[in-house]
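Protein chains in written order, with the working numbering: chain P, 1 to 202; chain E, 1 to 202.
Simulated from the structure, these hints should not be mistaken for laboratory data.
Any given hint might turn out to be false.
The list treats identical chains as interchangeable, and a pair is accepted whether it falls inside one copy or across any two copies.
What the hints assert, rightly or not - Simulated crosslink set (DSBU-like; lysine-lysine; CA at most 30 Å straight-line):
id : residue 1 : residue 2
1  : K151      : K105
2  : K151      : K109
3  : K75       : K88
4  : K105      : K88
5  : K75       : K35
6  : K109      : K88
7  : K35       : K76
8  : K88       : K30
9  : K75       : K63
10 : K63       : K27
11 : K88       : K151
12 : K4        : K75
Protein chains: 2
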Amino acid sequence: MIEKIDRRILRTRTLLREVLLDLASEKPLKNITVKELTDTAGLNRGTFYLHYQGIQDFYEQFKNEILEQFHRIIKKLGHKLGNREPFKDPPAGYVRPFEFVFEQKRFFKVFLGPGGDTDLSRQLTELINQQFINAYRAEYRQTNAADIPAKQQYLFAYLASAYVGTIQFWIQREFDLSPIDMAILFSQISRLGSAHVHFPFN
Amino acid sequence: MIEKIDRRILRTRTLLREVLLDLASEKPLKNITVKELTDTAGLNRGTFYLHYQGIQDFYEQFKNEILEQFHRIIKKLGHKLGNREPFKDPPAGYVRPFEFVFEQKRFFKVFLGPGGDTDLSRQLTELINQQFINAYRAEYRQTNAADIPAKQQYLFAYLASAYVGTIQFWIQREFDLSPIDMAILFSQISRLGSAHVHFPFN
DNA sequence: CTTTTTACTGAACATTGTGTTGATTAACTT
DNA sequence: AAGTTAATCAACACAATGTTCAGTAAAAAG
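Sequences are here, hints too, so could you generate the full structure?
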């Protein structure tokens, strides 16, 4: 069932997001005000409050939408664990997350970059971490997550944060590698470890 | 030459920090105001502005002091790279960073946890990343950092963010492992990779 | 095309926190 | 004990917030 949303609502909401991403590339998120947002959008300040409880709520909704999309993408690749071999020709599912970040580059640059959001990085990491845990539980038929050995959990936390951190570095370098290369790169490092990785002189 | 600082100055500054860490364990940093800070500290609001330009400056100074201390600790261990073997009996230098985090647990819980600081995680990662780069330059007699192969740089970014992420997870788990165990854990995962790590059942 | 619904506007309002200032008091240093 | 300086108190203008309500414009429904 498709909810029909008033075109005016859609227009102002997307406009506000566009303006936000513009403003946020000049100054940290925390210094952006509702007044500034609506002024540059040419909207009445009151209009903002018809849609959001406050600026915090505005960010939250924006983030949640992206997080949901990201979640839908990564939950497909069920068992990242099984494959112990690093691949040279990555399955599409492993490339997709990087493609998504690239598609939403304006968002990620702002929210994941300096002066960005306090929690997005953590939230992404947590999402990926959960994915690892789910895969582990499926493989070892472990009912509840608390039963997973501590060090195994640390491994997942390690990998998840390395994953997000690598993406952040990728953004910082203005996406100098392709999504495919990123998928290969990550699989190589994380599976082989720093001691066994040797890159051909690219 | 040791600068003698008026005891009153020292008292109010440390008091403000204490109060901050108290308040911040109840609510996100961004919702803490100067008024709230000084009220609960029993200080006049004007006094705050005798010491800091604003709340942002206050956070900045606090962070920078910790970052400097952390920097002093990790710059000692020159070449994390050389050791390709994971160790079971870690050198003191590799344990020290974890000890430091543990000593400053109140600070790190607040600034690195949910509702914490926007940039500290990134700044720590950057600090460690630089350490890797320095070590690499020393080893390969590479004069400037830009000449380091891209994928090598990605490896460093990967490791640095994994390092910080592991610490964050450690904090989240209320420091369930000892600093020594953390040092061992990190060296094992990062050197062997997820494919070759096998933890004894504990 | 007309009617009805509803999103946006404009302006006002009280409230809260900010950053600064100047005179006074209290505490520390020498 | 004298001199210095940090903290206090109260007041100030200022800016952003969140809310309200009557009026207008644009969409959806018939």
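Cross-check of the supplied hints:
{"no.": "1", "hint": "K151 <-> K105", "in the structure": "between (34 Å within a copy, 21 Å between copies)"}
{"no.": "2", "hint": "K151 <-> K109", "in the structure": "between (33 Å within a copy, 21 Å between copies)"}
{"no.": "3", "hint": "K75 <-> K88", "in the structure": "within (22 Å within a copy, 36 Å between copies)"}
{"no.": "4", "hint": "K105 <-> K88", "in the structure": "within (25 Å within a copy, 42 Å between copies)"}
{"no.": "5", "hint": "K75 <-> K35", "in the structure": "neither (38 Å within a copy, 45 Å between copies)"}
{"no.": "6", "hint": "K109 <-> K88", "in the structure": "within (28 Å within a copy, 40 Å between copies)"}
{"no.": "7", "hint": "K35 <-> K76", "in the structure": "neither (41 Å within a copy, 48 Å between copies)"}
{"no.": "8", "hint": "K88 <-> K30", "in the structure": "neither (42 Å within a copy, 44 Å between copies)"}
{"no.": "9", "hint": "K75 <-> K63", "in the structure": "within (18 Å within a copy, 36 Å between copies)"}
{"no.": "10", "hint": "K63 <-> K27", "in the structure": "both (18 Å within a copy, 20 Å between copies)"}
{"no.": "11", "hint": "K88 <-> K151", "in the structure": "both (29 Å within a copy, 15 Å between copies)"}
{"no.": "12", "hint": "K4 <-> K75", "in the structure": "within (28 Å within a copy, 59 Å between copies)"}
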